[in-house]
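**Student:** Read off the chains here:
Protein chains: 6
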Amino acid sequence: MRIDQRALDQLREVKITRNYTRYAEGSVLVEFGHTKVLCTASIENSVPRFLKGQGQGWVTAEYGMLPRSTHTRSDREAARGKQSGRTQEIQRLIGRSLRAMVDLKKLGENTITIDCDVIQADGGTRTASITGAAVALIDAMNVLLEKKKIKHDPLKGLVAAVSVGIFKDEALLDLCYEEDSNCQTDLNVVMTQAGEFIEVQGTAEEKPFTRTQCNEMLELAEKGIQELIKKQQDALGW
Amino acid sequence: MRIDQRALDQLREVKITRNYTRYAEGSVLVEFGHTKVLCTASIENSVPRFLKGQGQGWVTAEYGMLPRSTHTRSDREAARGKQSGRTQEIQRLIGRSLRAMVDLKKLGENTITIDCDVIQADGGTRTASITGAAVALIDAMNVLLEKKKIKHDPLKGLVAAVSVGIFKDEALLDLCYEEDSNCQTDLNVVMTQAGEFIEVQGTAEEKPFTRTQCNEMLELAEKGIQELIKKQQDALGW
Amino acid sequence: MRIDQRALDQLREVKITRNYTRYAEGSVLVEFGHTKVLCTASIENSVPRFLKGQGQGWVTAEYGMLPRSTHTRSDREAARGKQSGRTQEIQRLIGRSLRAMVDLKKLGENTITIDCDVIQADGGTRTASITGAAVALIDAMNVLLEKKKIKHDPLKGLVAAVSVGIFKDEALLDLCYEEDSNCQTDLNVVMTQAGEFIEVQGTAEEKPFTRTQCNEMLELAEKGIQELIKKQQDALGW
Amino acid sequence: MRIDQRALDQLREVKITRNYTRYAEGSVLVEFGHTKVLCTASIENSVPRFLKGQGQGWVTAEYGMLPRSTHTRSDREAARGKQSGRTQEIQRLIGRSLRAMVDLKKLGENTITIDCDVIQADGGTRTASITGAAVALIDAMNVLLEKKKIKHDPLKGLVAAVSVGIFKDEALLDLCYEEDSNCQTDLNVVMTQAGEFIEVQGTAEEKPFTRTQCNEMLELAEKGIQELIKKQQDALGW
Amino acid sequence: MRIDQRALDQLREVKITRNYTRYAEGSVLVEFGHTKVLCTASIENSVPRFLKGQGQGWVTAEYGMLPRSTHTRSDREAARGKQSGRTQEIQRLIGRSLRAMVDLKKLGENTITIDCDVIQADGGTRTASITGAAVALIDAMNVLLEKKKIKHDPLKGLVAAVSVGIFKDEALLDLCYEEDSNCQTDLNVVMTQAGEFIEVQGTAEEKPFTRTQCNEMLELAEKGIQELIKKQQDALGW
Amino acid sequence: MRIDQRALDQLREVKITRNYTRYAEGSVLVEFGHTKVLCTASIENSVPRFLKGQGQGWVTAEYGMLPRSTHTRSDREAARGKQSGRTQEIQRLIGRSLRAMVDLKKLGENTITIDCDVIQADGGTRTASITGAAVALIDAMNVLLEKKKIKHDPLKGLVAAVSVGIFKDEALLDLCYEEDSNCQTDLNVVMTQAGEFIEVQGTAEEKPFTRTQCNEMLELAEKGIQELIKKQQDALGW
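Protein chains in written order, with my numbering: chain A, 33 to 270; chain B, 33 to 270; chain C, 33 to 270; chain D, 33 to 270; chain E, 33 to 270; chain F, 33 to 270.
The set of hints was computed from the structure by calculation and includes no laboratory data.
For clarity, every value in this text was computed on a predicted model and none was experimentally measured.
Errors might be hidden in some of the hints.
Each pair may be met inside one copy or between any two copies, as identical chains are not told apart.
What the hints assert, rightly or not - Under the rule of at most 20 Å between Cα atoms (straight-line distance), these lysine to any residue pairs were calculated in the SDA-like manner: (1) 114 x 124; (2) 255 x 243; (3) 179 x 88; (4) 200 x 216; (5) 180 x 82; (6) 138 x 187; (7) 255 x 244; (8) 188 x 40; (9) 239 x 88; (10) 263 x 38; (11) 179 x 103; (12) 239 x 201; (13) 188 x 140; (14) 114 x 76.
Next comes chain A alone, as it looks inside the complex:
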């Protein structure tokens, strides 16, 4: 039995609220149980220097945790003067995952920046971020289409993410903080709507994992991500 009464292969309650704030072209509050992340998508009519003049766009992400989103307060990264290695790792992961959803040529010379700010953290903030950001990104691309800034929809398909892990030698889906900090192995998986992999990042925290455990975790992740994509589709009214 899990700490929060879930079955081993059960997601936490997932909510995806669009238009959560007023100004961003896409603004989504995503909740995986107590984990809450605000994902906003901002359009800028230009591209980073390394892409200038190539007739394509860019999608990038930034990530941050409010200092007291967590059980004990962490330092504010802006005050400390730099982003931690963990923060950079996560925002690079989110950016790569989102770019896999988009035909950058069709995006034209536009940049969409996704900000994922964690309001409350109970494990799985990076996977919730990707899942919510995918929806915010679609909203922003639709703004470009509606305003006739681009002609063709750059969307290649939905992407969602979930964490899986081995806890007391059993595979669990969608770890909460308590499970995450005590599990043997933690695997974050990003997949497309079509059931293919974008990212697989597994780390043995306490003891190494076997090929069999790897397979069990990947299967759980596939199941969870199909459910998450259904939630995204519902939120989008598809």
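Dock chains B, C, D, E and F against chain A, hints included.
**Tutor:** Just chains B, C, D, E and F now, kept in the frame of chain A:
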């Protein structure tokens, strides 16, 4: 007539929601119209080095805007590697204002850090922050009292803040962003429950203001702050 | 009786020495008693990026204290790698105050940077800086006029600043360090030659101040600033 | 046929040279074809603050590329004033991988820092780093044993790493730079001597990968890592 | 004939004014012609960590130029967030030179920090700094003696510095800015009262210099430094 | 007798290995005994902003020590976020010395950056760096000639460097670390093939040096540098 149909001396709709997030000892979402700030209070059982061994506590504040809380996206301060002068100015103002509410001796050797994070910005973020942070601070001090970490309530009284300004030669209460960016003069006022001043910060943006205008603005501020203190009291169930 | 035998409404001895150093377009040493600030004005024939192509100029200020200008040595900001919040607050205040003196359109696409470096600090360094910087700025604008770089004098009028405070419940003009660090309330006021306000920044240090005390302080400030403007005029030979 | 005539499941020529420099407690030059990384292990008789007094040790890693280890020169991170996100990601990966080899309790209150500095980069620098660093770490732990600083060997077993990828829909072992920058998917795998997984990090660069491809890549990695562990054992004279 | 009518072996007018500011334990304004440097010495009753518990003191120096001390304004190092390589080189040179004057054992566990801030720069700021700082340091050590914080005078003897150079193939003493920026070779020399060398730093700017030229420059420097030491002695009333 | 059995005027064994790594236009491993420095030269077809449009090139250098190149590990400068004063001093010295070898006009609008990375440090890393970098620079200039990017050889002649010092009152050539850290005086000398001086940097570490000692050291340096230039010529096959 004001841009949003308010009377000259009318506040925007003000909401103060306690226990907005789960982990902080005080957690308040404060809304002044479309301006929304999350104020969390975190207790740490120690004091900064300059206060060590003096048998007193400390209250400090940090402030940040989510990159897309505003009409157009601003750089993330954590990514840029430093807090702007404006941010530092505001967090110093919030800290000073909150310390005026507290008997630091009675706080014992505890530090309470208030994080004010702007979720959505439509003018008046610093005054909303102070007004909401005051409530979060009280919640955190009550946690210390309930857990018997301190014996006597350190609270000296409520503090609230509002902006006033001169727009087309008339004094206005509680400026929204549109008004704020077009006004001649902008005055932020912090006052106590007892009707005395903690901070008065007036800046002529476009043309200097007269002594008469200064008086008009201070009177509007007094009126507005009394209403805000009533809102704080309602939220606290006093 | 004041610590230095002054009357409550009496300024310290004020000296304004022009052409204090050789290379700057304006160079003023301003002394308020033992407080000594070197204010230099430097002309650059360009404007910051955000003003490019708008046919107007810019005036900005930087502020610093020599490490041992104070009673005990403070860290050198250049060595520590960043300017303190206090420094940034002060230089933003000086910049705004000086821009109120100038018609930026008439300044053409020129930037004037005022450096206020505190040689010796005995309270009131920000108000002395503004008072001295105003003169250095005029000298620099006259260089532009003489060299025919601009056609019309951009000067709108003089600006000066003074601190006032409440000490043992009495209002005092132009606080020295000893008074400043023990006063209940500290108010910095910037005014124009015409007797109007540019900035009013009041902070209750120890206990809140009443509306009556606010009025007393503003009146003292008005008196003091008129005297300072007279000193500026004398220094300029007007 | 591969760019460098290797079979799909063939490693590049691997060399592991111990005692490459004089002063470090462990010093290994590891070569995967043209990729050359110098891995040094340094012992310090203390632990980071978060471990003080817990009677255990710590193993950590830092990573850097010489500016011209690559085909075109990159900026020196020390001159730019910060480590890139990529660098931080890699050094965190190396550190986690090496800690999986060590019983930190048996290490006592000692810290071993592994520096992985890339002399020449032709793809796979992170996997070469882990493979070489494992040997340098063992040499350093043996110094502690020989000097009787610790009583029991903290080594739990060898760890090695390799990259695999999908290039033109075929799975390849140990990608060189040319392959790495053109492959569809890149997977870095870290395994123990016992054939279990420590880290699996797969990224779809160009198009998503299927579960079948994932399996193919994991099998190639298992094969390659067994060969690398054999090379480590040879180098160690086991 | 030199630009300012001096003979080849003639110093500029040198003035050393003690007690230039009020608070520092030593405060000297040193002038070499138009070059003006304020040198203050501050005592702290502790030593840097690397000297703790060794029963000796420390002398260190910091150097800065006011942004408009020069012909055109330079960036403020505090605003840019770091000290230039040139600044660090100079402050390391000043620190080493001053430590050569002092028996650090006799200084006890005290640190004396010398701040050299350039008010006006016309070449030779580092040599003027050393020459003035030596006097400020002596004044500070005398404060320690008078207050009975130390028993024995730590002074080993005076130290002074001068620049020499080759300009149009002739050796010149004490270069002004104009000469300095056009000379072939620039040599800074620091010597003791006893006529021995502390530092010799020669740089061929435009063309290499011969052994003969090196000798000519060293002789000029010896002459100049003897005159500077005489100036220091006069200032000290010896 | 010296610590390593050398005569007072004897260099350590010097080796200069060209083409040490594959990608750089010049790549030299220079060894002075146990001191080993990798010097790579990288060509970029542009110049720094301050030289744009002047029809000339630029030569610059960067320097770094691998963290465990030394007897005990030093912090990684990239991790600490800044280069030390010592590092900056050395890279400025290397850059100036190399520019003395080159006719920058003939180099065209190209920049050659020399990276000197210390693999193993046993004293004299800056002089070894200059000696090796000179060869790497020539190799890079020859690449420009061969590829017909420039028409005329920019080389003015070879440059090499050596350290000399006074140890127990005797002058020594080419100090190893042990000698360097115990000597009274340390002098680094850079000379041209023609026997003229580029840089002379002498520092009294423990006690001042006399004019006679200065002369002895300069003579030893001249002898050593002639031998080093011979080694460079051999390496270049001249």
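**Student:** Look at each hint and say if it fits the structure.
**Tutor:** Hints, verified against the model:
no.: 1; hint: 114 x 124; verdict: both (15 Å within a copy, 17 Å between copies)
no.: 2; hint: 255 x 243; verdict: both (19 Å within a copy, 13 Å between copies)
no.: 3; hint: 179 x 88; verdict: within (18 Å within a copy, 34 Å between copies)
no.: 4; hint: 200 x 216; verdict: within (7 Å within a copy, 35 Å between copies)
no.: 5; hint: 180 x 82; verdict: neither (25 Å within a copy, 28 Å between copies)
no.: 6; hint: 138 x 187; verdict: within (9 Å within a copy, 51 Å between copies)
no.: 7; hint: 255 x 244; verdict: both (17 Å within a copy, 17 Å between copies)
no.: 8; hint: 188 x 40; verdict: neither (32 Å within a copy, 31 Å between copies)
no.: 9; hint: 239 x 88; verdict: between (44 Å within a copy, 18 Å between copies)
no.: 10; hint: 263 x 38; verdict: within (18 Å within a copy, 40 Å between copies)
no.: 11; hint: 179 x 103; verdict: between (43 Å within a copy, 18 Å between copies)
no.: 12; hint: 239 x 201; verdict: within (10 Å within a copy, 33 Å between copies)
no.: 13; hint: 188 x 140; verdict: within (15 Å within a copy, 48 Å between copies)
no.: 14; hint: 114 x 76; verdict: neither (24 Å within a copy, 23 Å between copies)
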